[in-house]
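Visitor: Use these hints to put chain B onto chain A, whose structure you have.
Protein chains in written order, with this note's numbering: chain A, 3 to 190; chain B, 17 to 489.
Hints are supplied without guarantee of correctness; some may be wrong.
Just so you have them, the derived chain A footprint on chain B, three or more residues with Cβ under 8 Å [what the hints assert, rightly or not]: (1) 111 to 124; (2) 135 to 143; (3) 150 to 160.
Some chain B residues well away from chain A (every beta-carbon gap over 10 Å; in silico) [what the hints assert, rightly or not]: (4) P31; (5) Q95; (6) R105; (7) S108; (8) A180; (9) N196; (10) L419.
By construction, these hints were calculated from the structure, which means they are not laboratory data.
All C-beta atoms in this analysis are idealised placements derived from N, C-alpha and C, irrespective of residue type, glycine included.
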Amino acid sequence: VESPQSPKPATNLGPVPAPEQLDSIKAQLDLVLLALEALVGLGSEAMLEAAQKLGLADLMGDRVTLWRLRQASPLRKGQGRKKLDVDEARGLVLVSVHLAQQHQTRIREAVTLLETATAQNKPPHRVALLGDYLDAFNNFYEDRMTPDELPTPEHLRDLALKLLVDLVFYSQTGGTRRLWLALLERSR
Amino acid sequence: MTSTTLLTPLRYDSPTVTLEVSAREAAVSQWSDKPVVQVLRYQLYIRPLGGEGDPVELRGDRASFVPLMEAVQAYIQAQLLGNVHGSDRLPSVPYLEPQGLTQHSLHLGHLRTSTGASTIHLGAVQLADFGEVLDQLDAAVRPLPVPLTPTRQRRSWKRWGAVAAGMVAAVGVTTTLWPNYQTRQGVGDTALEAPTAEQAPAVMPDAESEARSPQPETATDSTAADSAETTPDAGNLTGEAASPTERDETTSAAGSPNPPINPAAPQPAPRSTPKTTAPAPASTPSAAEPAAPADEATTTTPDTPDRAPEVQEPASSPQTATRAPAREIAPHRNAPTASSTESADTLAANEGDTEEAGATAEDSPETFALPTEPPNVAGAPEPGSLAALVEMVRDRWQPPADLNQTLIYTLVFAADGTLVDVIPADDLAAQYLDRTGIPEIGTEWRPSGDPQQVDLLLHPNGNVDFRDAAPAQ
Numbered sequence: 003v004e005s006p007q008s009p010k011p012a013t014n015l016g017p018v019p020a021p022e023q024l025d026s027i028k029a030q031l032d033l034v035l036l037a038l039e040a041l042v043g044l045g046s047e048a049m050l051e052a053a054q055k056l057g058l059a060d061l062m063g064d065r066v067t068l069w070r071l072r073q074a075s076p077l078r079k080g081q082g083r084k085k086l087d088v089d090e091a092r093g094l095v096l097v098s099v100h101l102a103q104q105h106q107t108r109i110r111e112a113v114t115l116l117e118t119a120t121a122q123n124k125p126p127h128r129v130a131l132l133g134d135y136l137d138a139f140n141n142f143y144e145d146r147m148t149p150d151e152l153p154t155p156e157h158l159r160d161l162a163l164k165l166l167v168d169l170v171f172y173s174q175t176g177g178t179r180r181l182w183l184a185l186l187e188r189s190r
Numbered sequence: 017m018t019s020t021t022l023l024t025p026l027r028y029d030s031p032t033v034t035l036e037v038s039a040r041e042a043a044v045s046q047w048s049d050k051p052v053v054q055v056l057r058y059q060l061y062i063r064p065l066g067g068e069g070d071p072v073e074l075r076g077d078r079a080s081f082v083p084l085m086e087a088v089q090a091y092i093q094a095q096l097l098g099n100v101h102g103s104d105r106l107p108s109v110p111y112l113e114p115q116g117l118t119q120h121s122l123h124l125g126h127l128r129t130s131t132g133a134s135t136i137h138l139g140a141v142q143l144a145d146f147g148e149v150l151d152q153l154d155a156a157v158r159p160l161p162v163p164l165t166p167t168r169q170r171r172s173w174k175r176w177g178a179v180a181a182g183m184v185a186a187v188g189v190t191t192t193l194w195p196n197y198q199t200r201q202g203v204g205d206t207a208l209e210a211p212t213a214e215q216a217p218a219v220m221p222d223a224e225s226e227a228r229s230p231q232p233e234t235a236t237d238s239t240a241a242d243s244a245e246t247t248p249d250a251g252n253l254t255g256e257a258a259s260p261t262e263r264d265e266t267t268s269a270a271g272s273p274n275p276p277i278n279p280a281a282p283q284p285a286p287r288s289t290p291k292t293t294a295p296a297p298a299s300t301p302s303a304a305e306p307a308a309p310a311d312e313a314t315t316t317t318p319d320t321p322d323r324a325p326e327v328q329e330p331a332s333s334p335q336t337a338t339r340a341p342a343r344e345i346a347p348h349r350n351a352p353t354a355s356s357t358e359s360a361d362t363l364a365a366n367e368g369d370t371e372e373a374g375a376t377a378e379d380s381p382e383t384f385a386l387p388t389e390p391p392n393v394a395g396a397p398e399p400g401s402l403a404a405l406v407e408m409v410r411d412r413w414q415p416p417a418d419l420n421q422t423l424i425y426t427l428v429f430a431a432d433g434t435l436v437d438v439i440p441a442d443d444l445a446a447q448y449l450d451r452t453g454i455p456e457i458g459t460e461w462r463p464s465g466d467p468q469q470v471d472l473l474l475h476p477n478g479n480v481d482f483r484d485a486a487p488a489q
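Chain A with its partners taken away, still in its complex shape (with noise of 0.2 Å):
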């Protein structure tokens, strides 16, 4: 018989990840959200809500600590960063796969454009939705990562790209699992 869940909401990911696993997944879980911010244009209020609505509050109950959870990406810029414990990345990815869920429509539609084109041999910047996620994702990438890490153009629209492709995954049943085992095998 399974352990009772937990009140808590966050601590009912599974795995625990080390403390030098951690660095990868902020980086990770803030890229999957520049993903969504691009694609469906959310911004904090959305984020916040969500996290209300997940019984999250405590870990993210206004902007400036939504903030500075995302400012713990080891790729953005600036100072002040802090130390994201499990906790709270565990309330980022609940939060993401939520928000992918509600926008799940709007994510399928833009994955199916995505393979129309690519079976068409068209760029996928000529398509109108997948072209003004692309530029916002670019946009998004150059504003805020340290520019130390930018990639090439190329290399930004297959990163923007994949991550569109993995939100069809984490918006379904078993996105939460998914993203949470993804972020933790990918940051060993």
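Guide: Using the frame of chain A, we list chain B on its own:
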């Protein structure tokens, strides 16, 4: 602790993928937060993204469900990690490989789609939907990765019981016959034949060497029967070795499934060759019996002229009526022939001790039977053929003690001869499906000339028959 209850149909939907599962809940569910089930059958429908075109349909049983589920789930996770690698892939087990960022090929291993394709192309959205239905299933129930075999224990006792009964009978017969044998010992060779037949396994090596000598005596028959018994395996190996690569068809889940390729016409011919090496048929109907497979055959008429002379040849060879009875136990179960029950009865009468054969003929007066080989050869059906399949099922079929009605399954073969589906006729048949011994879906049988759909009848007395299934089924 593993007793089970009735079948539960489960269905999970996503925009492009639907999964239907027949599962049986295990009694261990009481110890779990979710019902623990054994998936017995599943059907998977993968629809094209745009909605136009036919869905790809995949059916299978428990044995193929678990590897498929694991392959898809593991691949999705590897895809999210960006480290898909294929070093440890086995061609017999389902696996996926990427075709660019948004396309994936699902290689089905032994499985085949309803059109006979061995590969399905999936877009990213379809793959996500596939994962979704599996997640839904996983969220609702806990599928068992191993089969539940509650009757296994009983079976072994049954076998031991049969062995013990056989030994008692052998001792009894020997005691009865021994004085007789002693008195006739000096009379001549013919008097030796009955005991020789009973002791056939003991004299096998000698008999084998005799078989190669010019005179075809009774020992030749029993040896040939032995060799014929081993033939199916070898035949299967050789018959199927080249096929997977030849027929590596693919179908796209986005539409336009490729039609399956028919097996090459010459392939059945080599399989008929072992037939000629099989022992000469003991009974007179042998000349008529080659016609019976032709009755069943739905295609390959070119085979018939090839086969006819081959079978006539052994028919004209000298016969002996004293073929080793020990070898006839299996053939008796095969006795009813496709052409008529009359021939089965005749054969039964010819063979003498035919309680079992008679029962078979009574049980299924309207059914076709095993491929109409002469009774002596019936134990060694053409390798890789439908007959061999039925023979295999017969060997495996252990009717549960509580079963009192015939179970009927429709076996569906793709055009290339692959078994693509096994459809239980009713709930009871579905319930017993995992115990029938019917081979795994995707198994390649090349029943050249056999029907594309056949009904397999598993009788509670241990008999197995088949008959043509209506194409509409």
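Visitor: Under 8 Å between beta-carbons, do enough residues of the segment 111 to 124 of chain B, three at least, approach chain A for the coverage claim to hold?
Guide: Three-residue rule met by the segment 111 to 124 of chain B, so holds; n is 4.
Visitor: Would you say N196 of chain B is clear of chain A, with no C-beta pair closer than or equal to 10 Å?
Guide: Check passes; 70 Å lies beyond 10 Å.
Visitor: When I compare C-beta atoms, does the segment 150 to 160 of chain B have three or more residues closer than 8 Å to chain A?
Guide: holds (count 4)
Visitor: Are 3 or more residues of the segment 135 to 143 of chain B near chain A, judged by a Cβ distance of less than 8 Å?
Guide: holds (count 3)
Visitor: Q95 of chain B: least C-beta distance to chain A exceeds 10 Å?
Guide: Given that some Cβ of chain A is not farther than 10 Å from that of Q95 of chain B, nearest at about 8 Å, it is violated.
Visitor: Is the claim that P31 of chain B lies outside the interface with chain A correct, judged by CB distances over 10 Å?
Guide: 8 Å, violated
Visitor: May I ask you to check that L419 of chain B keeps its beta-carbon over 10 Å from the closest beta-carbon of chain A?
Guide: 35 Å, holds
Visitor: Just want to verify: R105 of chain B was marked as not at the interface with chain A; is every Cβ pair farther apart than 10 Å?
Guide: At roughly 20 Å from the nearest Cβ of chain A, R105 of chain B sits farther out than 10 Å, so the non-interface label holds.
Visitor: Taking 10 Å as the cut and beta carbons as the points, is S108 of chain B off the interface with chain A?
Guide: About 27 Å separates S108 of chain B from the closest Cβ of chain A, which puts it past 10 Å; holds.
Visitor: A180 of chain B clear of chain A by more than 10 Å, beta carbon to beta carbon?
Guide: 45 Å, holds
When the structure is compared with the earlier hints, violations turn up for hints 4 and 5 and for no others.
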